[in-house]
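Number of protein chains: 2
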Amino acid sequence: MRRVYVCGIGATPIGEHWELSLRDLMVLAAKKALEDSTLTKRDIEAVYIGNMSSGILQGQEHLGSLFATWFGIPGVSAQKCEAACASGGVAFHQAFLAVASGMYDVVVAMGVEKMSDGNTYDVTSALIMADDQEYVAFTGSSFVGLNALIYRRYMEKFNVKHEDIAMFAVHDHKYAVNNPLAQYRKAVTLETVLNSPIVADPLRLFECAPIGDGAAAVILCSEEVAKKYKSDRLVEVIASSVATDILSLHNRKDIVTLNATKLAMNKALKMSKIDLKDIDIVELHDAFTILGVIHLEDMGFAEKGKGWMLVKDGEIEKDGKIPTNLMGGLKARGHPVGATGIYEVIDVVTQLRGEGGRNQVDDAEIGLAQNVGGVGGTVTINLFRRL
Amino acid sequence: MRRVYVCGIGATPIGEHWELSLRDLMVLAAKKALEDSTLTKRDIEAVYIGNMSSGILQGQEHLGSLFATWFGIPGVSAQKCEAACASGGVAFHQAFLAVASGMYDVVVAMGVEKMSDGNTYDVTSALIMADDQEYVAFTGSSFVGLNALIYRRYMEKFNVKHEDIAMFAVHDHKYAVNNPLAQYRKAVTLETVLNSPIVADPLRLFECAPIGDGAAAVILCSEEVAKKYKSDRLVEVIASSVATDILSLHNRKDIVTLNATKLAMNKALKMSKIDLKDIDIVELHDAFTILGVIHLEDMGFAEKGKGWMLVKDGEIEKDGKIPTNLMGGLKARGHPVGATGIYEVIDVVTQLRGEGGRNQVDDAEIGLAQNVGGVGGTVTINLFRRL
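Chains as they are written, first to last, in the numbering used here: chain A, 2 to 388; chain B, 2 to 388.
These aren't lab readings, by the way, just hints derived from the structure by calculation.
Don't take each hint at face value.
Heads up, the list lumps identical chains together, so a pair's fine if it works in one copy or across two of them.
[Unchecked claim] Under the rule of at most 27 Å between Cα atoms (straight-line distance), these lysine-lysine pairs were calculated in the DSSO-like manner:
hint : residue 1 : residue 2
1    : Lys231    : Lys254
2    : Lys42     : Lys263
3    : Lys278    : Lys175
4    : Lys271    : Lys42
5    : Lys32     : Lys254
6    : Lys162    : Lys229
7    : Lys268    : Lys42
8    : Lys307    : Lys268
So that you can see chain A by itself, here it is in the shape it has in the complex:
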């Protein structure tokens, strides 16, 4: 396999973009990423677009040709990639393979979702399509409800207090303050989180990622193209893995472990030949506070049932043992579903480049981005190393 590098990143702020359409968001993100890369449109050979619900929410499919048209690059290879909330992650994986294979030298991995103006379906109905329509969605289950089950089971099984898990939201908001792309740039207290309205007990409103619009793009390139850059503009992709699990919770033996995270993690560590302890920063997919805790465990940073201690002890802070979600995470940076996987990559690359501003970690060399689809039906892990 050829080596693959990230040479450009760009994204729109996440929020309610009533004035921008789906195509506008894609074009803006790609434009920023291309400018960041200093490459030109003519260099782009292929585009992979992560998106979950454009059909349902905008009545629009065929985003590959749509984007190529509006970005002024018709002719390129382009397609949409979907794996629910992990759509961005699988688009990145495909873009990675496209360069690694030797077929393309410059590829755009993009993600986009516009959730604030739905079409026929509301967003909750669109999102539950990530789970089994016939056995789960049909019963009226929502994603918040499914994650509340996980949350409840976790608290009972490991005798953990609500506030120790809810702290993850406080953490995310703290760091989002300094991220210009974040949807909610304000700190919140644990009290605010715990006193916010119940969405599905025990999940409070401030423990759930918001609905938002956004697009993010990353330019991947081969070693040949990478040679023209100074090393401070380049980050190498040292592993990219995707794993699936049984789609729905009711068929799994254990609902407080997402097995796909473990599998994807093992693949990624093997591929990159690094150890867990070599990882300096993590961006994980905490659509709900409880998931942040569970992911830390499933990735191996804590024993099962003890992930919350890392949060409580400050170990996921900027100066902690395993700095995590330093740009605001899904709760506060935001979670425009199909775009989230690419935002996570951008957050990691930003840190590895030393461009994290007030949130910058000292001397981060290796970073991890985890993206999750459904209740862990798909998990992608991408690992990056600064040059």
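Dock chain B against chain A, hints included.
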């Protein structure tokens, strides 16, 4: 790039499968392909599923994990690929790159669409999402209407008679008779085609691909895996290309040429290092009769404006100069949108293996499968050589 081979093919018959769900179709196709390959489930490392409208029609996304679950292979890398009617083609392209890259040795490229039981939207509304929602679908245009515009323009520009184009439907039906997977296994006369109801003038009902359900799967493998096979079970993928065009007709200079076909064709010929004249059989994407004619021209088999002569002169017959759509094409084999690209690959591989039965071409060595999304917004070309 590593060499990539097709070592297994399998598909459901195309039709109205009221007794089968989307997941059933996928599982049945994959089971057949796996049996054909003699590999086992445990060998599968990644799955790419072409599908356009499962969100709209079944309320189901996240097909990667859904399939992995129901096929009993959770853990594998899996995702859905979408480029409208070219979804199968782009899924194949990704599966090809996944093996070519060196990351995976055994990969399933699959396509599925279940169109006979829609959810909220009807099929016509779902399909127009392949074009621009804001500038085309919004006006009430349908895909039949857009292709009727192309048809009318072609007839006027090149002074071609309706019956000379409509002949393509007669051709497709003739060959579908001997294809056990075909939706309509009966021959039709030119008179029947021309006297069938007008859908969008000049397009008659019998000039339009039908709506149907189906799933098709292909197993791709690396050279290392291929070594265990006798050569009569193997077909090599000698090129795989994807190209886009401006999404909508109203922005194109010329609507009787699909530029993406030309681009994808050039890429594929370059990649495979073969000449156009080396191609022995063609499966092309004739969702409407007129497209069959236009594709023959854009691929280079006829001058612009003269593709219909190949049909009229019998040159696309089994014993003609360029045998085309020998398993029934989109009109009679059927067109379950996201699956069509994979059915086309299967039809080519079947011929190259010499398993075409009554439709078998003598001594075919190289075959081409073309898959088109929207009105040519995306085109994929895959080239195959028997060993």
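Going through the hints against the structure:
| no. | hint | in the structure |
| --- | --- | --- |
| 1 | Lys231 to Lys254 | neither (49 Å within a copy, 42 Å between copies) |
| 2 | Lys42 to Lys263 | between (38 Å within a copy, 21 Å between copies) |
| 3 | Lys278 to Lys175 | within (25 Å within a copy, 65 Å between copies) |
| 4 | Lys271 to Lys42 | between (35 Å within a copy, 22 Å between copies) |
| 5 | Lys32 to Lys254 | between (45 Å within a copy, 26 Å between copies) |
| 6 | Lys162 to Lys229 | neither (53 Å within a copy, 56 Å between copies) |
| 7 | Lys268 to Lys42 | between (34 Å within a copy, 19 Å between copies) |
| 8 | Lys307 to Lys268 | within (24 Å within a copy, 53 Å between copies) |
When held up to the earlier numbered hints, the structure conflicts with 1, 6 and fits the remainder.
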